[in-house]
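Peer 1: Take a look at the letters that make up each chain.
Number of protein chains: 2
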Amino acid sequence: MNLRATVLSGFFATSLLLAGCAQDSAPEAPRDVPAARTAPPEAANNNNAFEPLELSTEYHQIRVSRIAGGLEHPWAVAFLPDGGFLVTERPGRLNRISADGMRTRIGGVPDVAVAGQGGLLDVVLHPDYADNGWIYMTYSSGDDGETTTKVARARIDGDQLVDLEELFSQDRLSQPGRHYGSRIVWRADGTMLVSIGDRGAEPPRAQDPADHAGTVLRLNADGSVPDDNPFIGRDDVLPEVFSYGHRNIQGMVVDPATDKVWATEHGPRGGDELNLVVAGNNYGWPSAGLGRDYRTEEQYGDARSLPGKIDPVYEFLPTLAPSGLALLTTDTFPRWQGNLLAGGLRAERIRRLVIENDIVVHDEELITGKVGRIRDVREGPDGAIYVLTDHEDGGLYRIDRVN
Amino acid sequence: MNLRATVLSGFFATSLLLAGCAQDSAPEAPRDVPAARTAPPEAANNNNAFEPLELSTEYHQIRVSRIAGGLEHPWAVAFLPDGGFLVTERPGRLNRISADGMRTRIGGVPDVAVAGQGGLLDVVLHPDYADNGWIYMTYSSGDDGETTTKVARARIDGDQLVDLEELFSQDRLSQPGRHYGSRIVWRADGTMLVSIGDRGAEPPRAQDPADHAGTVLRLNADGSVPDDNPFIGRDDVLPEVFSYGHRNIQGMVVDPATDKVWATEHGPRGGDELNLVVAGNNYGWPSAGLGRDYRTEEQYGDARSLPGKIDPVYEFLPTLAPSGLALLTTDTFPRWQGNLLAGGLRAERIRRLVIENDIVVHDEELITGKVGRIRDVREGPDGAIYVLTDHEDGGLYRIDRVN
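Chains H and R supply the protein sequences, listed in that same order.
Its first residue numbered 1, the first sequence is counted upward by one per residue in this note's numbering.
Its first residue numbered 1, the second sequence is counted upward by one per residue in this note's numbering.
To be clear, the hints were calculated from the coordinates, so they are not data collected in a lab.
Ideal placement from N, C-alpha and C gives every residue a C-beta, glycine not left out.
Errors might be hidden in some of the hints.
Said to hold, decoys possible - For the chain R half of the interface with chain H, some residues (derived, Cβ under 10 angstroms), not all of them:
| id | residue |
| --- | --- |
| 1 | 270 |
| 2 | 292 |
| 3 | 315 |
| 4 | 347 |
| 5 | 361 |
| 6 | 362 |
| 7 | 364 |
| 8 | 365 |
| 9 | 368 |
What the hints assert, rightly or not - Simulated restraints on C-beta separations:
| id | chain 1 | residue 1 | chain 2 | residue 2 | range |
| --- | --- | --- | --- | --- | --- |
| 10 | H | 236 | R | 204 | 55 to 65 angstroms |
| 11 | H | 382 | R | 358 | 40 to 50 angstroms |
| 12 | R | 53 | H | 334 | 34 to 44 angstroms |
| 13 | R | 307 | H | 235 | 45 to 55 angstroms |
| 14 | R | 51 | H | 81 | 44 to 54 angstroms |
| 15 | R | 311 | H | 256 | 29 to 39 angstroms |
| 16 | R | 383 | H | 293 | 21 to 31 angstroms |
| 17 | H | 295 | R | 256 | 26 to 36 angstroms |
| 18 | R | 307 | H | 257 | 31 to 41 angstroms |
| 19 | H | 236 | R | 53 | 48 to 58 angstroms |
| 20 | H | 61 | R | 311 | 30 to 40 angstroms |
Produce the entire structure from the sequences given, and follow the hints as far as they go.
Peer 2: Here it is, written out as structure tokens:
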């Protein structure tokens, strides 16, 4: 456990770190210049044109338009009360983007270790953001040798993060680059759940809840451990563990009507899962799962299902490589209300899942190949759907209903 | 029942019929001129260029090349001993295509009713074709008002069908255009199974095995009814019925190692199924199924599953619109041996299904959007994969392994 609250050094150290990383082969963007508080917003969508698309789906005609381009591997989008957005870029940048696509860099982000899948990852607002101004971030931290997954919070003052506090740091360092997990969601009781990936190299760590790798954590808003966590009192389980046996959850959403927690999880080939995350459960990775070995196509692990290990609600086939996950709570898209939207990286699409009695009864693919690798999918406060694409020249897109 | 053996009038009546059909809006091809026996073969792939594609898949690098283009809604491909092909075109043409893509029209095909999904449909060789020369065809027959699904056989003499015999005619006429089914497969005992669709307008007919609509039939090679058919002796079931409760099976294949019969069936939205077809079973349509109403997205039928009605082995999600089905029996694609390949019309892809213990354990999409709507998929005698595309300018494609 590591609940230190530390003010971390800002943007400059990040840039030094970046200089030694493979990720840094991207064309030089002005990321190593901390944004001055007086810098004017810049148009973020001036790199390549993107003409709005109208597409037919099973039940709605939709329009896909781009709010901002020129984002380097954006990872997460959060919605500000003024209609603007916070968007992380994996190489360690936090942006405020206005509703019309003008971008301002926010300075003072934590040091991040940029390698492979690591960097600055999720960003979410506290449910009482309007009152307390807290934003929460996940990121990888460390050096070229070993990294950990961290959670921090801060406030925004002008174009600068202030009051930065590190709330959590994964207990055991791992080789950098793989399976950070890192989605944050809020439950009705004011606690947050945070997914931590299995960190790749040693999958069996996910079966050991005395190790943060391969877990979902439950934390209070200040990073402390709720005293009603499911494993409290067990000396063989870390107290912040909510569930374990996960490989790499990069999509997670709470249904505000039921407080149910839905999560999408990367499996090995074919083993991409939708799970209902419930306190105290073991989700089986790597002993039980539906995936296939990358090389031989044989069953991965011991079995597709094992006693005491929770089966997924659904397997994404063909392979999706699931990223962000949204739940549509409004009637902006009337036929889609209550559906989950699961973004896919490799599959370059969104899967729209119709759920009845916790079973997926229908699955439609949306915008396949139209915008590229999808990193995040969110329902906006306006009921529109927002999408980030995982590219060097990634973008923030909005999906509206035409009819 | 209708087991008349009738020599039907040839190509000319077909042309008259075509003249009044909506399908006939295609550019005028020389289909109403019976091929003269002396006509030289013509190159069929001279309409639009198709550059061979190399594509990566999960376990093999593949090449997709076109053997012949300029085929108008080709429906089925069969493999001749000389390395050539027989290819039906839905508007009523039968072609012999040489290994290098030269096409010869075969004259003397039965009258077909061309409307919507109807026309000249499947073509297969008798298992002892080398000895007896029989080819088998399915087609829709009738007029603008009502049509039936028929099975006939004939031999090829030069460029002409001879010895044409009608072997089966569906008992009850239906409005033309929808859900003909029409795949023929051969089992180890020398009988053939033929799928008959529910004909669209009245789905509950599929629950009545005293009606051919929505069945799989089992017939002897001469069209007579095997005396060990599962419902023989029941006066409320037609004697040729093998199974019922099907909506529209357009893909069917027999595993030569096990004699198991796999079939892909069009469901309503989301209800596309893979089934193991077993004698005497009721597969549930339209009472039980996984599909959703096209308009409301509500559950279609009474339930997803009902006692006494067989659940599918697998539901194709996202929607496939399944057409031809192949089983890979050779080691030409070593990692794919034993897999099913299900073609998809609307989804414009092939789904590669890995089966273990009659469960689909993996599903990969192949050639998505690369050749268009896929009508037929077959394993050739050479172990390569052959594909027909359902377009006005459709083609015959071959998929080879690069590594």
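Peer 1: Determine which of the earlier numbered hints do not hold for this structure and return their numbers in increasing order.
Peer 2: Structure breaks no hint.
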